[in-house]
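Number of protein chains: 2
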Amino acid sequence: MKLYDYFRSSAAYRVRIALNLKGLVPERVFVHLAKGEQLAGDYLSVNPQGLVPALITDDGVVLSQSLAIIDWLDETHPVPPLMPAEPNERARVRSIALAIACDIHPLNNLRVLNYLSNTLGVTAEQRTGWYRYWIDLGFEALEKRLAGDPRTGPFCHGQSPTLADVCLVPQVANARRFHVDLSPYPAIVHIDAACAALPAFADAAPARQPDAE
Amino acid sequence: MKLYDYFRSSAAYRVRIALNLKGLVPERVFVHLAKGEQLAGDYLSVNPQGLVPALITDDGVVLSQSLAIIDWLDETHPVPPLMPAEPNERARVRSIALAIACDIHPLNNLRVLNYLSNTLGVTAEQRTGWYRYWIDLGFEALEKRLAGDPRTGPFCHGQSPTLADVCLVPQVANARRFHVDLSPYPAIVHIDAACAALPAFADAAPARQPDAE
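As they're listed, the protein sequences go chains A and B.
Sequence positions in the first sequence follow the numbering used here and run 1 to 213.
Sequence positions in the second sequence follow the numbering used here and run 1 to 213.
Next up, chain A with everything else stripped away, as it sits in the complex (with noise of 0.2 Å):
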């Protein structure tokens, strides 16, 4: 397997932790976002979405979008698996790692930001607020539904890493790099701190890639 990939993308440190808890070691290639690398066609060719990450398969079957990857790892992959097994289960832990997969993170993206701050003309101020905004509105909903729910455990969902937690960890990690006050989300940051104690997840942080700068 390869991976192209880049330290600081929260959609490739979300593949990264799924790898590493299925003992997986891809080939990477890096991909510097900040430097416009995804845009040039050398990648393109390869995604023409031009986002990080995209994983080849042993087979050299391109697979693109973090999600999608994940679920193939997993179906894959099994052991252990990243899903629970009943639909109702899997129905939470798929709606929480979409509600920041989809209504937090592309609001926050490079892409967005750029488009805020070149087209628009936005304060780097109004940047920042734009983007605590996003997270502040999510996490406020999220904290109520894990803070809430019995199936909620040391981690999302019960006793183990699903989905949801790869979505959250480095949802959390931009939080902080954007000094997003946490305090309001004790059952986040609580989950937080379990997956930062695994291997899997520790190993996956931007500032421990071959990349990070």
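Do not rely on the hints blindly, as some may be mistaken.
For chains that are exact copies, the list does not tell them apart, and a pair is met inside one copy or across any two.
[To be verified] Dumping the calculated DSS-like pairs for lysine-lysine here, alpha-carbon to alpha-carbon at most 30 Å:
no. : residue 1 : residue 2
1   : Lys35     : Lys144
2   : Lys144    : Lys2
3   : Lys2      : Lys35
4   : Lys2      : Lys22
Simulated from the structure, these hints should not be mistaken for laboratory data.
Being a predicted model, the structure only gives us computed values, none of them experimental.
Start from chain A and add chain B according to the hints.
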């Protein structure tokens, strides 16, 4: 089953299509997003995220996030399937669906447009430019993927509708509503037309809903 719905929500539109494809007819509750009913206590007690859709199962379980609901529908009502069986094929369908559901749609959500206007003070013209920009960026990459892959058939993936089509059709409807020029995207337009010919898709369209204005 009970669906919390709004005619103009693309996420609810996806779930309406999936329910129709499965031949399921839920009770429906309409939540008027433009009037802010999704942020009233009644609805927040159902879905703390304050977004539609939500689906209440026959067992009283609350499901949220359209893609999680659709996966649940596909797992609990497997005929006709909305996903292929083979992992590489599943990953392709998921990736197309997520390229829309994560990288186009959330940027053009009502709450985001409201933030642009009300908090950042962008003009109506800039707001429309933003809306079209993210659709064009997403559709350019998607058109390349669909047109350049032999697995594309009359539908995004093969000969029958999948989760990918369920996400594509509402996004095309949004593009038309905002007068995005679709002529650069013939593969997308072709698939949209194949879907529109099926009652499951046609009957789910915003204009055909009881709460349409």
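Please name the hints from earlier in the document that this structure breaks, with their numbers sorted from lowest to highest. none
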